[in-house]
Amino acid sequence: MAQQKRRELLKAAAAGAAALGFPAIVRSQQKEVVILGLWDQTGAFADVGPLNDRGMRMALEERGMKILGQPIKYVTRDGATQAGTSTRRAEEAIDGEGARFMIGPWSSGVALAVSEVAKRKKVLHFFSGGTEDISGARCHRYSFQWAASPYTAAKTVVDNFMKANPKAKRWHLLVADYAFGWSVEKYIKEVGKQHGLEFVGADRHPLGEREFSNYVQKAAANRPDVVAMINFGGDAVAGAREIFNFGLTPKIPLIMAWSSGVEELIQLAPEIRENLWVGTNFYYTADTPVAKEFVKNYRAKFGTPPGYAPSAAYSMTRLMLAGFDKAKSTETQAVIQALEGIEVNDLLGRMRIDPATHQTLRPYFFLRCKPKKAMKEELDLAEVIATGDTPLPKEYAACKDIGGF
Amino acid sequence: MNLLLGQILNGIATGMLYALMGLGLSLITGVLNIPNFAHGALFAIGAYFLVSVVGVLGNFWLGLFIAPLGVALLGLAIEWAGVRRLYSAGHDYQLLFTFGLALILNELIIVIWGPVGISHLPPAILRGGVDLGFTFYPKYRLFVMVMAGLLVVATWLFLEKTRYGAIMRAGIENKEMVSLLGIDIHRLFTAAFAIGAYLAGIAGALTAPIRGLSPGMGVDMLGIAFVVVALGGLGNLLGAIAAGLLIGVAQAMVAAYWTEASTAVIFAVMAAVLLVRPQGLFGIR
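Protein chains in written order, with the numbering used here: chain A, -7 to 397; chain B, 1262 to 1546.
The set of hints was computed from the structure by calculation and includes no laboratory data. Glycine residues also receive a C-beta, built at the ideal position from the N, C-alpha and C atoms. Please note that a few of the clues may not be correct.
Said to hold, decoys possible - 20 Å max Cα-Cα, derived SDA-like pairs, lysine to any residue:
no. : chain 1 : residue 1 : chain 2 : residue 2
1   : B       : Lys1400   : A       : Pro242
2   : A       : Lys362    : B       : Ile1379
3   : A       : Lys293    : B       : Gly1375
4   : A       : Lys210    : B       : Glu1521
5   : A       : Lys318    : A       : Gly56
6   : A       : Lys210    : B       : Val1510
7   : A       : Lys161    : A       : Leu189
8   : A       : Lys210    : B       : Leu1266
9   : A       : Lys210    : B       : Leu1393
10  : A       : Lys178    : A       : Arg162
11  : A       : Lys293    : B       : Pro1376
12  : B       : Lys1400   : A       : Lys318
13  : A       : Lys243    : B       : Leu1266
14  : A       : Lys243    : B       : Thr1396
15  : A       : Lys288    : A       : Leu371
16  : A       : Lys210    : B       : Leu1264
17  : A       : Lys243    : B       : Ala1385
18  : A       : Lys320    : A       : Glu83
19  : A       : Lys210    : B       : Ile1379
20  : A       : Lys210    : B       : Phe1487
Said to hold, decoys possible - Derived Cβ-Cβ restraints for the label pairs, each shown as a range:
no. : chain 1 : residue 1 : chain 2 : residue 2 : range
21  : B       : Phe1326   : A       : Asp87     : 24 to 34 Å
22  : A       : Ala390    : B       : Phe1395   : 39 to 49 Å
23  : B       : Val1317   : A       : Met367    : 18 to 28 Å
24  : A       : Asp87     : B       : Ala1431   : 53 to 63 Å
25  : B       : Asp1353   : A       : Lys364    : 49 to 59 Å
Work out the full structure, taking the sequences as your base and the hints as a guide.
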């Protein structure tokens, strides 16, 4: 008995010593893996940044904030949706915090500037957005693109919309006047040729536009069969609302070609969503085990299902961590090499990273919004009528050489 | 031609809303001598109040009546509890106060109504559009045009034709003289702030069915309101009305031919006018 007590005492003492002394030594030897989330808390995408952060945090917490036995230090910076601020703060986090991996930001225009920082500072950079340049003309070894290629998106949207509405040949486009809008517009026109579409108008509007009456009146004057918007977030919501106010929808269909999905749709009254067709990088009813689990946990935590923003951040983080696993290393260049050509069955189903361009090859979703009477519950907004994953044809590929480290 | 007429109509409708915002801001800036950075937030709160009141009472018209009054009360409270205490502290502190207040109100909107935008449809009677011959036009926009026009005229008449309006204009011209004449200048300040807040609130409420609601909606409007005030001439009320309409119509006309420039034109018009008339359209100083 006494012996046992003594043994227990010794055990406790050893445990105590371990808790106090040892881990301190171990900890000092164990290097932290610093990962930066560059998410806007102010500026045009101030409403999106917190959602990105949610997704990224969930992916890291799933791993217990550890990778390959090393602790992950997750740092975030507010890029203010501005190139100057974003690059400055990214550099500060790289130099000051020792971040060797970064994800974000949300704006494609800003991300192009941040991508240059990644290249110069030799930091792995994951990004999701509509510019094709990150995996195109300005591709390099350090940046990766998660969102579907604008070609994949345009092809999925136009092909499947025309399948359902073969007579709707006169299209009017409303395009956000920056990198992503131009990319998608180019390919919608390109794919449209195959369907014999006539583009009766294509107006570009400044990012952050709130007064859409002027554009809608012009669109109406062209008497199109369909209006397609290539814009995002608040712009898309304001546009859809005004198109409804002017009586265009639901008489003629409206397409949101590159939507955040649920986040934009819940901002629109059911009446406005009638005859609305939506292309998106993620929709929460995606039929994969990872998506089901993620959506369940996200809803339990935040009440609403996740849209494109948190899901992209979640999936990018998971892909990056999968790269660590494959590389069995936390060295930036080893992880990059592991990610090149990686193939996983993850959030969207089969996902692969093209080693030649760093473009993620993955399905793009096309939805049709449900009329009010067909909705089973408040968030039963739309059904996925098709997915598409046609990659960018070789003749359009602008990334000729991904380059070295 | 038809398109142009339609665009002019759009321009007048948005211009009227800009004028309402500018008029309120001009009144506050003129009388209290502070640039009210919370003016955009008051605009947003007007819209959110409308949605809440309509949600509870189920009647748009009651909402349109009550919501701006709520914003006026809020303005009253802000002046009484905040701005007034800072008159002695000086200009910079008042400026900082309204700036900080704008941030606080913006965050409060997120806390109370959530970060996600909301759609609010016009009342059933104003849904859909009418065929004006040259264009199909939403009924609600026509209503906003008339309503905002009436409000602008009513404010104008109040300031020009009533005794209290005269005192207010005198307050803009010369505060010392007004207080020397035995008028309680602080009460004047409170009233000006409340009326300014009311105008921002009703502009917000009227805008809700057109642009929907989002926490950042005030920020978008604040910049335009300041442009309207600068363009019209600081503290000049007629100028604010003219400038609001000018900007609304300019924006619409430019959008007809060169959509990319429709935001830039707001500032281009301001720059062009201020180059020729640094005191603004109707300013004397």
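Query - Pair hint outcome, Lys178 (chain A) versus Arg162 (chain A) [Cα-Cα no greater than 20 Å] - result: It holds: about 17 Å lies between the C-alpha atoms, which stays within 20 Å.
Query - Proposed proximity, Leu1266 (chain B) with Lys210 (chain A) (alpha carbon, max 20 Å) - result: Distance of about 11 Å is within 20 Å: holds.
Query - Hinted pair Lys161 (chain A) and Leu189 (chain A), Cα distance within 20 Å - result: holds (5 Å)
Query raised in the report: If you draw a straight line from the CA of Lys210 (chain A) to the CA of Val1510 (chain B), is it 20 Å or shorter?
Result: holds (15 Å)
Query - Asp1353 (chain B) paired with Lys364 (chain A), Cβ distance criterion 49 to 59 Å - result: Given about 53 Å between the Cβ atoms, the range holds.
Report task. Would you check the hint for Lys318 (chain A) and Gly56 (chain A), treating anything up to 20 Å between C-alpha atoms as holding? Result -> Roughly 18 Å separates the two Cα atoms, so the pair holds.
Query raised in the report: Taking 20 Å as the top limit, are the C-alpha atoms of Lys1400 (chain B) and Lys318 (chain A) close enough?
Result: Measuring from Cα to Cα gives roughly 61 Å; hence the hint is violated.
Requested in this report: Take a quick look at whether Lys210 (chain A) and Leu1264 (chain B) sit within 20 Å of each other, Cα to Cα.
Outcome: holds (7 Å)
Query raised in the report: Between Lys210 (chain A) and Leu1393 (chain B), does the CA-CA distance stay at or below 20 Å?
Result: holds (16 Å)
Query raised in the report: Holds or violated: are the alpha carbons of Lys210 (chain A) and Glu1521 (chain B) at most 20 Å from each other?
Result: holds (14 Å)
Query raised in the report: Taking only the CA atoms, is the gap from Lys210 (chain A) to Phe1487 (chain B) under or equal to 20 Å?
Result: violated (28 Å)
Query raised in the report: Under the criterion that the straight-line Cα-Cα distance not exceed 20 Å, is the pair Lys320 (chain A), Glu83 (chain A) satisfied?
Result: violated (27 Å)
Violated hints, listed in ascending order, are 12, 13, 18, 19, 20, 21; each of the other numbered hints is respected by the structure.
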